[in-house]
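Letter by letter, the chains look like this.
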Amino acid sequence: KNEVEQSPQNLTAQEGEFITINCSYSVGISALHWLQQHPGGGIVSLFMLSSGKKKHGRLIATINIQEKHSSLHITASHPRDSAVYICAVHFGNEKLTFGTGTRLTIIP
Amino acid sequence: KAGVTQTPRYLIKTRGQQVTLSCSPISGHRSVSWYQQTPGQGLQFLFEYFSETQRNKGNFPGRFSGRQFSNSRSEMNVSTLELGDSALYLCASSLEPGPMYGYTFGSGTRLTVV
Chain A
2 KNEVEQSPQN LTAQEGEFIT INCSYSVGIS ALHWLQQHPG GGIVSLFMLS
52 SGKKKHGRLI ATINIQEKHS SLHITASHPR DSAVYICAVH FGNEKLTFGT
102 GTRLTIIP
Chain B
995 KAGVTQTPRY LIKTRGQQVT LSCSPISGHR SVSWYQQTPG QGLQFLFEYF
1045 SETQRNKGNF PGRFSGRQFS NSRSEMNVST LELGDSALYL CASSLEPGPM
1095 YGYTFGSGTR LTVV
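In the order they appear, the protein sequences are chains A and B. Numbered continuously in the numbering used here, the first sequence closes out at residue 109. Numbered continuously in the numbering used here, the second sequence closes out at residue 1108.
Worth flagging that the hints you see were computed from the coordinates, not collected in a lab. Errors might be hidden in some of the hints.
[Stated by the list, open to error] If you want the footprint, here are the derived chain B segments under chain A, 3+ residues with CB under 8 Å: (1) 1033 to 1047; (2) 1082 to 1095; (3) 1098 to 1106.
[As the list claims (entries may be wrong)] Just a sample of chain B residues kept apart from chain A, beta carbon distances all over 12 Å, derived: (4) Q1000; (5) V1013; (6) S1027; (7) Y1029; (8) P1055; (9) T1074.
[Said to hold, decoys possible] Restraint-style ranges between C-beta atoms, simulated for each label pair: (10) I66(A) / L1089(B): 23 to 33 Å; (11) R1057(B) / P40(A): 24 to 34 Å; (12) T1008(B) / L50(A): 17 to 27 Å; (13) P109(A) / M1094(B): 36 to 46 Å; (14) T1106(B) / S46(A): 21 to 31 Å; (15) Q15(A) / E1046(B): 46 to 56 Å; (16) Q1035(B) / G29(A): 36 to 46 Å; (17) P80(A) / E1090(B): 17 to 27 Å; (18) L1005(B) / K54(A): 39 to 49 Å; (19) L1005(B) / V28(A): 30 to 40 Å; (20) L1089(B) / H39(A): 35 to 45 Å.
By construction, the Cβ of each residue, glycine as well, lies at the ideal position given by its N, Cα and C atoms.
The following block holds chain A by itself, in its conformation from the complex (with noise of 0.2 Å):
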């Protein structure tokens, strides 16, 4: 079954901490995307990658094939980067399957 874990499911850290955020898959993907949504609702693209690192900003993401596993990590973390975040991967080029998301709060 295709199936997408993240860890944690939620995460308090004070302002300036660097912050992982881990997602596991179960089989082989063409491609991996980590989202960040705000309340409210509107969901923002960070990364899209399928190997290797992309960076942004404060913002890496990592992604390991061999051991199925993506990182996405935070630099210098501030209150405003508090947000939901999703872990999304394609296996083969099916429909986008969601991990469960990381709720992450950043306190001043």
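Fit chain B to the known structure of chain A by using the hints.
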């Protein structure tokens, strides 16, 4: 450049009614996909359209349907609404279907069924 536009933003309907939601993709994007988000089930894929054809469908009953027009705008329809259909409905557009293209999401339509 305008983003993905979903209308309406909020909707309240009564059980048994039907509802139509609209999604206008980014100009030039030809693929539109729809998702349902609930607290219990999270985000789930509903269907995907490309060139006015349904390309893929998720595990939802036949009460959920959709279509795409020649200008790539898409609508989804839910008939005989049930309380469990209360959810945030999101659409996303991409240049073309498939895993190699990124998605741009709309702000969603929050449907409440009473």
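Hints, one by one, checked against the model:
{"no.": "1", "hint": "1033 to 1047", "result": "holds (count 5)"}
{"no.": "2", "hint": "1082 to 1095", "result": "holds (count 6)"}
{"no.": "3", "hint": "1098 to 1106", "result": "holds (count 6)"}
{"no.": "4", "hint": "Q1000", "result": "violated (10 Å)"}
{"no.": "5", "hint": "V1013", "result": "holds (17 Å)"}
{"no.": "6", "hint": "S1027", "result": "violated (7 Å)"}
{"no.": "7", "hint": "Y1029", "result": "violated (8 Å)"}
{"no.": "8", "hint": "P1055", "result": "holds (17 Å)"}
{"no.": "9", "hint": "T1074", "result": "holds (24 Å)"}
{"no.": "10", "hint": "I66(A) / L1089(B): 23 to 33 Å", "result": "holds (24 Å)"}
{"no.": "11", "hint": "R1057(B) / P40(A): 24 to 34 Å", "result": "holds (29 Å)"}
{"no.": "12", "hint": "T1008(B) / L50(A): 17 to 27 Å", "result": "violated (44 Å)"}
{"no.": "13", "hint": "P109(A) / M1094(B): 36 to 46 Å", "result": "holds (40 Å)"}
{"no.": "14", "hint": "T1106(B) / S46(A): 21 to 31 Å", "result": "holds (27 Å)"}
{"no.": "15", "hint": "Q15(A) / E1046(B): 46 to 56 Å", "result": "holds (51 Å)"}
{"no.": "16", "hint": "Q1035(B) / G29(A): 36 to 46 Å", "result": "violated (25 Å)"}
{"no.": "17", "hint": "P80(A) / E1090(B): 17 to 27 Å", "result": "violated (37 Å)"}
{"no.": "18", "hint": "L1005(B) / K54(A): 39 to 49 Å", "result": "holds (41 Å)"}
{"no.": "19", "hint": "L1005(B) / V28(A): 30 to 40 Å", "result": "holds (37 Å)"}
{"no.": "20", "hint": "L1089(B) / H39(A): 35 to 45 Å", "result": "violated (25 Å)"}
In this structure, the earlier hints numbered 4, 6, 7, 12, 16, 17, 20 are contradicted, and the remaining ones agree with it.
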